[in-house]
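Participant: Make a model of the complete structure from these sequences and hints.
Each chain, letter by letter, is given below.
Protein chains: 2
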Amino acid sequence: MEAKDIPGFFAKPEEIDAEKYIYLDYYFECIGEPEAAAAHLCSEQSTAQWKRVGIDEDFREEFGAKVLELKVIKELDEISCPVKNVFDGKTYACKAKIAHPHNNFGPRIPNLLSAVCGEGTFFSPGIPIIKLLDIHFPKSYLNQFEGPKFGIEGLREILNVYDRPIFFGVIKPNIGLPPEPFSEIGYQSWLGGLDIAKDDEMLADTSWSPTPIRSKLLGAAREKAERETGVPKIYLANITDEVDRIIELHDIAVENGANALMLNAMPVGLSAVRMLRKHTKVPLIAHFPFTASFSRMQHYGIHSQVITKLQRLAGFDSIIMPGFGNRMMTPEDEVLQNIKACYEDMGHIKRVLPVPGGSDSAVTLKNVYEKVGSTDFGFVPGRGVFGHPMGPKAGAASIRQAWEAISSATPIETYAETHEELKAAIHAFSKRK
Amino acid sequence: MEAKDIPGFFAKPEEIDAEKYIYLDYYFECIGEPEAAAAHLCSEQSTAQWKRVGIDEDFREEFGAKVLELKVIKELDEISCPVKNVFDGKTYACKAKIAHPHNNFGPRIPNLLSAVCGEGTFFSPGIPIIKLLDIHFPKSYLNQFEGPKFGIEGLREILNVYDRPIFFGVIKPNIGLPPEPFSEIGYQSWLGGLDIAKDDEMLADTSWSPTPIRSKLLGAAREKAERETGVPKIYLANITDEVDRIIELHDIAVENGANALMLNAMPVGLSAVRMLRKHTKVPLIAHFPFTASFSRMQHYGIHSQVITKLQRLAGFDSIIMPGFGNRMMTPEDEVLQNIKACYEDMGHIKRVLPVPGGSDSAVTLKNVYEKVGSTDFGFVPGRGVFGHPMGPKAGAASIRQAWEAISSATPIETYAETHEELKAAIHAFSKRK
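These protein sequences, in sequence, are chains A and B.
Number 336 in my numbering belongs to position 324 of the first sequence; there are no gaps in the numbering.
Number 346 in my numbering belongs to position 334 of the second sequence; there are no gaps in the numbering.
Hints in this document: simulated from the structure, not taken from any laboratory.
Every clue listed holds true.
No copy labels: a pair is met if it fits in one copy or bridges any two.
Below, in silico cross-link-like pairs of lysine to any residue (SDA-like), each with a Cα-Cα straight-line distance of 20 Å or less:
{"no.": "1", "residue 1": "K362", "residue 2": "D175"}
{"no.": "2", "residue 1": "K96", "residue 2": "E346"}
{"no.": "3", "residue 1": "K435", "residue 2": "N379"}
{"no.": "4", "residue 1": "K405", "residue 2": "L203"}
{"no.": "5", "residue 1": "K96", "residue 2": "Q310"}
Facilitator: What follows is the structure, encoded as structure tokens:
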């Protein structure tokens, strides 16, 4: 790219038609002039400043991505993580806001991903280190997506629970336990007060616990628990599988009484989720395997809130995500950004229920509630329910007791004096906090 | 985990049934004792050392992942990239080989990904930094996959080319050019000697270049070029799109004369590729958007050769990958590992054609050929054909002339004295080398 070509990849926000673009926030470290690097980034990810030989044409105005803002944060001695095969020169840390014309690719998740975190982003000349920090969509783009079918409000209607968090639990042992004892402990957890008993994200349709058998047993156990407790319950079945089996597994599991379905979003692919969204009769819940592989590094990869927003776009009603505390190795501000991404205005795309998880129990509920700052979240212990020393029914009861304490502004230790399940939970799990 | 539980996650290779496991090579940086960290890694990614309350059971023998080898490379002053929320203690860089029972999840790509690069890998206690370096499959696992339908040999049969590299070219301008002029320059490139003219990975089914129209024009142009040159040609159409449209787009494009199809593997999802593989009538070619987001960091994420192997498993016949040289910011040994992963023995899973790409032209062909060390590769210029100063026909001719020079052991500069297209290519592209 020559110096005279650089201004063609810059624009002022008021100069462009806002509805024609999606907006991308990048952090990058460049070797060489930041303006040239940012122009290259736009060129590589949209139209590569191409013209046919012998023909005077310029696709940039209609098809070019454009830098709306470029901020040089500071000059660096070297890039922050080593990358081989880079060029020499002065090194800068920068942030850029880029407008990318969405008509280049249309309302297609795989093509959107290819445009914003594809070759044009990660192989732009002179930019060895780059992270896609955030993404924003105009109404015109959002209107071409269906989004969640149920959302927070739909989930609350199914459960008839409006004034408190939704209590999930991951049935454990997760791997190896046959369907019969698995359904028995799920049943116990509903009796104790869980709203949603769920499969682990590692447990899908296996030879030793086939989905048709497991969902039938859990569906029956759910209905029994509903009759006995008089309140609605959800069995959340993990139907993560090959793309050409998920519609069939949806039908089997739902017919058998699973009334919400989980998919490991990135392993299955967001586009497959969008396909299932068109078919589903029940809420869809996302789990997060794979995402940390590209989101954990501070200065490289893709920020997890981008994936949270794309999961909403694909049609998930609730998103399980790495939560608070040391265990999940995720900075608190990142957890909060992901929660915000579940709530924030995305036009007609419904708000979805965030489920920040990680080594939770009755002991951690207050902290999570205070950090979220709302009752619109899901709480998802594993051990905190199924490893409770008095068993899963008591484990679930301990969570509900903790919430009763919190909502009546009573210290849980005080409330535990008259509630033995909570007392046992505090004893068992406090050291793990 | 208590100290007494650690040995249950270690095994000697001769103690396990080799066919029941897949094998994983990890690099990790742990805080605390390496043996405990490696045991945790196994526990988290398979059965979390769980037993029901009050029941004496141990799922580890059948369902537990096991450390076969653990090598402590060195003690570190600190982890090599900052990760928030980690624990305190001595820090070690380690490598481990882990055997993971594939019956835990079965022959399903999304569940395989969830097991080997999911929560259990990236959220294992005390291991903030980890990279999945390699993966190996036993025959019993491979036998449950179809793999490539054509492979290298199938592609060569279609083209009737057996003794040289396959010459691809990315038709440019890639974004914004309407189908008619786009097909005209594709046609020119076939006349000049390209085997395969292809869509850019960013160009799919768009409003300004719909697949039905583009594939019809390119299909007709391909047949015309075949008639005029007397040799088979391939139009490689990019059908990257939502999962529930790729079968339909396959049918439209193939009916119209596209005789190979490209998909952006990770954005579409490997499982969707496996679905298409069952249906396809033509070879499937992978492109690499998104992969760098988790593969570039030396010590974190997932090595690209893991994805290369999974792409073979999913059924791709050829894999376009970041190639040699500064432009693609990929270490040479990583490019070579990816090429090797296309060739190496995977039972009945066919060998696939590696296409290492990045700013290639007649000038770079010799270097790529020498590094690959075989004619079993694809060469994929963009500008080197479509930005050739005499036009795409001359651009394609310059590549073929460069190969004539190489295969007759003539310096390309000497050969260029009597071949003006090659001469012009050397003049135009040498400075870019």
